[in-house]
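Protein chains in written order, with my numbering: chain A, 1 to 736; chain U, 737 to 995.
Since the hints were made in silico from the structure, they are not lab data. Some hints could be false.
As the list claims (entries may be wrong) - A short, non-exhaustive set of chain A residues, derived as facing chain U with CB atoms under 10 angstroms: (1) HIS504; (2) MET507; (3) LEU613; (4) GLN636.
Said to hold, decoys possible - Far from chain A by the CB rule (all over 12 angstroms, computed), these chain U residues: (5) ALA857; (6) ASP868; (7) LEU869; (8) ASP878; (9) PRO879.
Being a predicted model, the structure only gives us computed values, none of them experimental. Backbone N, C-alpha and C define an ideal beta-carbon position, used for all residues, glycine too.
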Amino acid sequence: MDTRLETMRQSVRDGDHKQWRRQITVDIVPECERENLSWVRRSARLTRRMCEAEQVVIGPTERIVFTRTIPVVPSLYSPSAWRAVTAGRKLHEMGPISNICADWRMVLEQGLLGRRAAAQAAREKFAADPQSVEFLDAAIETIDAVLALADRYARTARERGRDDLAAILQHVPGRRPRSFHEALQCLRLCHAVLWMSGHYHCGLGRFDQYMWPYLQADLESGRLDEPEAEALLAEFFITLNKDSDLYPGVQQGDNGQSLMLGGVRRDGSCGVNRLTYMALRAALDVSMIDPKINLRVTPDTDMCLLELAAKLTQRGLGFPQYSNDDVVIPGLVRHGYDLEDARDYSVAACWEYIIPGKGMDVVNIGAVSMPAAVHRGIVQGLRDGADFDAVLKCAADDISAQVKAVANTYHDLLLPPAPYYSVLMDGCLERGRDLSHGLRYNNYGVHGAASSSAADALAAVKRMVFDRNEVSGAELLEALDRDYDGFETLQSRLRTEAPKVGNHDDMVDSLLVWLFEQFAQACESYGDNGRGGLLRPGSGSAMYYVWLAQGHQGMSEPVVGATADGRRRGEYFSSNLAPSAGVRVRGPISVLQTYSKLDYSRICNGGPVTIELADSVFRDAGAIRRVAMLIRTFAQLGCQQLQLNTLNVETLEDAKRHPERHKNLIVRVWGWSGYFCELAPEYQDQIVERHVYALGEPVIPVQVKEITRHESKTRIDATGCLPVVPDRLQRPDGTY
Amino acid sequence: MTTGTIFDIREFTVHDGPGIRTTVFLKGCPLRCAWCHNPEGFVRQPQTMVTPAGRRVVGQDMSAEELAGILNRQAEVLAANEGGVTFSGGEPLTQAEFLVAVIDRLEGIHVLLDTSGCADAHDFRSIVQRCDLVFFDLKLMDPALHRHFTGQDNGPILANLRQLAGLGVPYVVRVPLVPGITDTEANLTAIAEAIRSLSGLVGVNLLAYNRAAGGKYPGLGMTFEPTWDETQPVNASLAPFVAVGLDATVLGLRDHEGK
Numbered sequence: 001m002d003t004r005l006e007t008m009r010q011s012v013r014d015g016d017h018k019q020w021r022r023q024i025t026v027d028i029v030p031e032c033e034r035e036n037l038s039w040v041r042r043s044a045r046l047t048r049r050m051c052e053a054e055q056v057v058i059g060p061t062e063r064i065v066f067t068r069t070i071p072v073v074p075s076l077y078s079p080s081a082w083r084a085v086t087a088g089r090k091l092h093e094m095g096p097i098s099n100i101c102a103d104w105r106m107v108l109e110q111g112l113l114g115r116r117a118a119a120q121a122a123r124e125k126f127a128a129d130p131q132s133v134e135f136l137d138a139a140i141e142t143i144d145a146v147l148a149l150a151d152r153y154a155r156t157a158r159e160r161g162r163d164d165l166a167a168i169l170q171h172v173p174g175r176r177p178r179s180f181h182e183a184l185q186c187l188r189l190c191h192a193v194l195w196m197s198g199h200y201h202c203g204l205g206r207f208d209q210y211m212w213p214y215l216q217a218d219l220e221s222g223r224l225d226e227p228e229a230e231a232l233l234a235e236f237f238i239t240l241n242k243d244s245d246l247y248p249g250v251q252q253g254d255n256g257q258s259l260m261l262g263g264v265r266r267d268g269s270c271g272v273n274r275l276t277y278m279a280l281r282a283a284l285d286v287s288m289i290d291p292k293i294n295l296r297v298t299p300d301t302d303m304c305l306l307e308l309a310a311k312l313t314q315r316g317l318g319f320p321q322y323s324n325d326d327v328v329i330p331g332l333v334r335h336g337y338d339l340e341d342a343r344d345y346s347v348a349a350c351w352e353y354i355i356p357g358k359g360m361d362v363v364n365i366g367a368v369s370m371p372a373a374v375h376r377g378i379v380q381g382l383r384d385g386a387d388f389d390a391v392l393k394c395a396a397d398d399i400s401a402q403v404k405a406v407a408n409t410y411h412d413l414l415l416p417p418a419p420y421y422s423v424l425m426d427g428c429l430e431r432g433r434d435l436s437h438g439l440r441y442n443n444y445g446v447h448g449a450a451s452s453s454a455a456d457a458l459a460a461v462k463r464m465v466f467d468r469n470e471v472s473g474a475e476l477l478e479a480l481d482r483d484y485d486g487f488e489t490l491q492s493r494l495r496t497e498a499p500k501v502g503n504h505d506d507m508v509d510s511l512l513v514w515l516f517e518q519f520a521q522a523c524e525s526y527g528d529n530g531r532g533g534l535l536r537p538g539s540g541s542a543m544y545y546v547w548l549a550q551g552h553q554g555m556s557e558p559v560v561g562a563t564a565d566g567r568r569r570g571e572y573f574s575s576n577l578a579p580s581a582g583v584r585v586r587g588p589i590s591v592l593q594t595y596s597k598l599d600y601s602r603i604c605n606g607g608p609v610t611i612e613l614a615d616s617v618f619r620d621a622g623a624i625r626r627v628a629m630l631i632r633t634f635a636q637l638g639c640q641q642l643q644l645n646t647l648n649v650e651t652l653e654d655a656k657r658h659p660e661r662h663k664n665l666i667v668r669v670w671g672w673s674g675y676f677c678e679l680a681p682e683y684q685d686q687i688v689e690r691h692v693y694a695l696g697e698p699v700i701p702v703q704v705k706e707i708t709r710h711e712s713k714t715r716i717d718a719t720g721c722l723p724v725v726p727d728r729l730q731r732p733d734g735t736y
Numbered sequence: 737m738t739t740g741t742i743f744d745i746r747e748f749t750v751h752d753g754p755g756i757r758t759t760v761f762l763k764g765c766p767l768r769c770a771w772c773h774n775p776e777g778f779v780r781q782p783q784t785m786v787t788p789a790g791r792r793v794v795g796q797d798m799s800a801e802e803l804a805g806i807l808n809r810q811a812e813v814l815a816a817n818e819g820g821v822t823f824s825g826g827e828p829l830t831q832a833e834f835l836v837a838v839i840d841r842l843e844g845i846h847v848l849l850d851t852s853g854c855a856d857a858h859d860f861r862s863i864v865q866r867c868d869l870v871f872f873d874l875k876l877m878d879p880a881l882h883r884h885f886t887g888q889d890n891g892p893i894l895a896n897l898r899q900l901a902g903l904g905v906p907y908v909v910r911v912p913l914v915p916g917i918t919d920t921e922a923n924l925t926a927i928a929e930a931i932r933s934l935s936g937l938v939g940v941n942l943l944a945y946n947r948a949a950g951g952k953y954p955g956l957g958m959t960f961e962p963t964w965d966e967t968q969p970v971n972a973s974l975a976p977f978v979a980v981g982l983d984a985t986v987l988g989l990r991d992h993e994g995k
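Isolated chain U (complex conformation) (with noise of 0.2 angstroms):
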């Protein structure tokens, strides 16, 4: 039996694909971002959190029979509203072998992966190849400055990326724009300069900051210290994807920053 961590699972997430949707957030990821706006999603372990509604541990094991049985459930009220499953996290790469085990179990539903890209490169197209789309998160093109706000390399991000391009599952490129950080026009041109002749691509959404990241920090016993100014309007600049002739949309949405 394959067992997995979960932290949350959300029905009607309509910022997470197509259609009708339940988002599986599973737990652990390699990547430290410091905007992420769910710091329950960092480690493995569960964890106890203080919510407005009382002290609650954040984070459940689960078995992969347990999980596809929950969403089996409701396959066909997703069908029928031309929706599906998004796994999303933390990273969900990081239970490869648990997320290969729900998805094969899973009845007709299409499934959608949410990734920073941060994962083995066999994790990776073994878990795209049984994805219907993906949504590749994109954060920093500078090495160093990747290094410094998420605490990883983005080369084995960017090597992922370019598998990515070759496995025939259609995705969405989506970044983060966090002000001064990733929203620079020179990070965006990079960003748009690197996937503008990748294959496979259907789409560019560009992620309005959430002012609320730091919302969760406390509760967990963490701390929240943005170094850029939160108040700031973020630079959501279309151009530089225009002008290499890529199709990009900005998102005012709270819930998909920072992965």
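Isolated chain A, as found in the complex (with noise of 0.2 angstroms):
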């Protein structure tokens, strides 16, 4: 990057474009009040004052703008009548639509002046239904408040002597983009009024795909040259982490700015192209939380872009995520959708998979405890004197209930109406509904959490009770009552003898592929979930993980205590498809091996194999080949989605000991990445937590001071340690 774009990088890290921001509350319930205005239309009013209120901020060396000015996005409704209208019906999440991906590609193509002449053909048609009349005119509020947003930017950048800005902002978003450059700013401003309109978790899709006609065309006139174009990539993406703070999330860098890249087209061809490189050395070049990159990968992906991903992937940031579309496509064909809208998947905020355009699935609705079904199986099997048979039935019947409750509660789920949102999405306008009433696929996505610690608790049961008989049910009853206080040579028997996930031992591995199935089973047979779609399980653990261990508040699934493998109250379960936290593995061979036992083709919702790499793995010539060779055995044994993440642990201990020091330390906390420092204590410490038992290390060279049991937190003393930020990773300035 050059200087320009190094000082705006930094000047967006230290937070100078917040001078702009106003602590003004635009608030639109008396004039909705005094209209009688209806839901659908107090929604586009939102989006329309959001846009009014918008001061105009240029840059003097910006050439992708936007600066967002106003922070808070009122409410709808008062608090009264809000409660009135809600009444008796589930919201998910925080209400507003969320975690799904616009049409970008037709977007762009329309431009909003296409999207206008679409709704007003559509108003004509159905002139005679007037709920259709009445989303339409909210859809059009929406268009005209962003066209005239984008004509103040126009007009200002005119009267600033921006003649350049002034005249692609006279033109898109309203037009077809002319060039890559109008494509980007049209993107910017479309996707940052979502955020304003006050959805979240707002997707990028497929962004080589959809922008590539653009630079393409730029590129064979010579209007553009690749180092031009770059800049202009990385200053998109510097601009995607100005606002970022103000989005929703559990904590700061959860916003679900996904953006994916390569992969197939929807004819089948191999859709990678030159701005996949070109998106992949950006990043690499901007190194900052947002977007967060995803990579489409098969067996047979081209090592030049792999050795180029895992250049990405040594940089620590946690990304990019990998997806196999050999196995992910297949999956989502298997539950319902086109083939070739299933090669077009991209991702929802962290790991689902969503068509963009056409997904209003909600992905996440919650998750299955694993852990807690096993636990009662085993403790209802161990209590009644039955056999394995008997546990395995009532951890499979105990999936199946939890499946139905967490299902069964969104089966009356409410969407509120999102005007703006349906301007870019698949035939909104063009059928006159709103998309809350749904899109083509409609699906719900429930993930199965904690899988490999539940299938070790049950191999523990097994191995040491049921098949070797060397302990008995009613001494592990009560151990595991007494959380292991005098019984700590049983909880270590129990954790060192007993087989774990993660290295490809088919005793262990068995169980685990066989919760997944009754999870899978639970699933399928739980039918339409009241918006005309199915359920899609996944193996996704976000905070689950922790969650399901200790309790927070809104988890309704049980907090389990002690568990078979030897895992004490409140230690952490495994997260996503990991081995349990302390679990000795032999590597990520092992560990992919065993994970490509799933059947995924009924697991398509999504949660990455996790592998944590130290970053010594990367001190050598010829390792960034040797990980991108990684990364094709992921997809050659036939696994569905990676999370490769490159950390040092004794860099993350400093950085909590000198947060003043790593000010740019990202890491990957689930499904996205966020700067270390500004995490949470408690997430702080469970990434360290899960470094440590990083793998490509023989032991971890360091000393150890103090193991605290029950917290199950270690400290290392770093003392005599290499230097804590290898020299290659640090920029002049001291940071990277």
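Can you join these two chains into the complex? Each is in its own frame, and there are hints to help.
What follows is the structure, given as structure tokens:
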């Protein structure tokens, strides 16, 4: 990146743009009540008033503009009225439609004026249907609001002598972009207005596919060369980091600005293009938490592309996250997706697969606690003096009951109208129907959380109690009841002698496979989810691996105490598809071989195999190629999704002690990356713990100072270790 | 049934040879290098070690069939990625019979032997002939210093090195750089002189000093007592090797110093 972009990047990190934020609240409730507006009209009014309230901000060197100045998204209703309109109905998370992806290809091709024409045509077609007319009027109101905002930007640009910008903003987002630059500006503005309208986890979809025609035309005509294009790309990526602290999420960084690269086209041919590479390089250059890069691969993906991706992995940002087309696409097809649409998949905020423009799937309605199900089976089975099959039967019944419980909660889901988002989706305007009424795909995603811990518990009981009669059921029950106090020898045996998931050991891996079969079976037999869709089981954990172990507000799943794998009360469960914390595994090959045994065609909601690499892996020439080979191996073995994280545990420890030295340290939290020093301490701790077990080093060569037993946190004395930040990662200013 | 003792199997050991490799660490070593970072490799018997993850037993008895079985399940992945299996330690040749039994059971896997060369000459030959590549560690050329810092004479080691040159198996000579001990110009020059005309030598690696070398000692109830300044930068001097026409590189590794 050149000096201009470096300065811009640092300025965004320093939050200089926040000076433009105004602590005013746009209150639309009085006018909505005065005009007695319906919900859909209120939503449109919100978008309009938010756009109108925005002040134009044009940085002197900015080539892609828009900086949000109104931080707060106001309510549509007074509190009492809100209670009345939502009474007895289930809202998803915060309410507004989230965690889907717009049809950016279509938006760019048609421009908002094209969308407006579509809305007008539909309005005439459905003139007899007042509901449609009202929706379409609302949609038009939002389009006009965005166009007016763009026009104000254009005029201000002209006044300030920025004719370059003025020309762009007079053209987009109204019309089809004439250049790559215009396409990026169009996307920036249209995407930002989604967040201003109260939507969140707004995906960026298959960026290298829908942007490529504009870039290709520029490159072929000579209007742009590759370095200029990469500079624009870098600036666009930087702009995505501007307002992201305003976006709702569990922690700063959890904002779902996911961007997909690579993969096949709708016709099945390879879609990798020059922009795929350029976007990876730009992400490497920018090295900020947004956008979150995803890369689609197959066993045959070009090694050059994988090596470039491995360089980004090396950077330690926690992305790219890899998805295997050969596994994901058939899984989606099996769940009712048309082949062409399945080929067009992207990810929602974290892992869950979504079809841009066509998916109104609610991809994360909750989780099934696999450890809770297994624990119940074990306790009940041992109490009854039953055999192992009875333990399994009880666990399977519990999984099924949990699936029903979480799905029943969402059977009467209330999705608020979303006229602006509808403008950006496939066919809403044409059908005269708001997005909230559903799209082509209306499935629900449920995650099977902490699966490895659950399988470990089953394996321990099977091996020690049933197969070898080395431990009596009564003794184990008492030990669990007492959280292993006074049963330390038994706990140690359960931890070390029983097989654990992650070592390519068929005995325990078959139990993991069995758990997911029961989970898939329960989802498949549930039937209609209440919105004409079905349930998609997945394998992610998000924070569930902590919450299910320690409890959390809003979690209805029971907290499980000590478990039969030797885990004590309160210790974290396994996250996503990863071995349980503290389990020694031989390395990533066995881990991938283990998780390749799952039938992903039945578990298509995503949820990655998660591997932490020690950064020492990258010290060698040839390391990039080896990591690229590892990614290829992930695809060759037939796993679905891979999250590959690189970090140095000493760096993390130092960052906790000296946050001022590590302001730009980025870590993967679950489906997203954030700045380590901006995370709450408990999040920092569990990330440190995760990395203590990083793969790639024989044993972490550090001295043990203190092991706290109950908290399962490890304190490490980094004295005598290598410098905390490897030189090759450092920039001249000491950041990286 | 031949049984051996291993203290670890690690996959994706990127510093242990070409491609994607799995390294088997065999327990037991005749040397006591003062800078060794794998002290659990010293004695053959299993030991209890305290690690950040808790107490665990290091050292596991395993039959040749069992170990070969584990490795053969990865054969396809290793072969597809230009890699294979590396036998390291400890000194793998202390369990020569076991090693032969394991290697003979491998199904088309590239085998790399990572050795100190401190072994019976017959065992050395017999195993090297079963390997595709050898990493041969050379520490100190001065006999007295070698005895002082490793507890053994370097005579048999140098004899095995000469033997290696006649076996037709390619090998890399690796020198762990310990500040002021092995990284002296005199020692590096002597090493370069000793290996300059050996046939079959495909490269020289100088391995940067592992400043965390002492990390595992307390966990084993042992004391790590460096007589050198650990903070001192190593003298990663390629000149003595370049001067005699050898292709040498420095690797900034932590894993393989101090065998």
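Now for the hints, and whether the structure bears them out:
no.: 1; hint: HIS504; in the structure: holds, 6 angstroms
no.: 2; hint: MET507; in the structure: violated, 14 angstroms
no.: 3; hint: LEU613; in the structure: holds, 8 angstroms
no.: 4; hint: GLN636; in the structure: holds, 7 angstroms
no.: 5; hint: ALA857; in the structure: holds, 29 angstroms
no.: 6; hint: ASP868; in the structure: holds, 18 angstroms
no.: 7; hint: LEU869; in the structure: holds, 15 angstroms
no.: 8; hint: ASP878; in the structure: holds, 28 angstroms
no.: 9; hint: PRO879; in the structure: holds, 31 angstroms
The structure does not agree with numbered hint 2 stated previously, though it agrees with all others.
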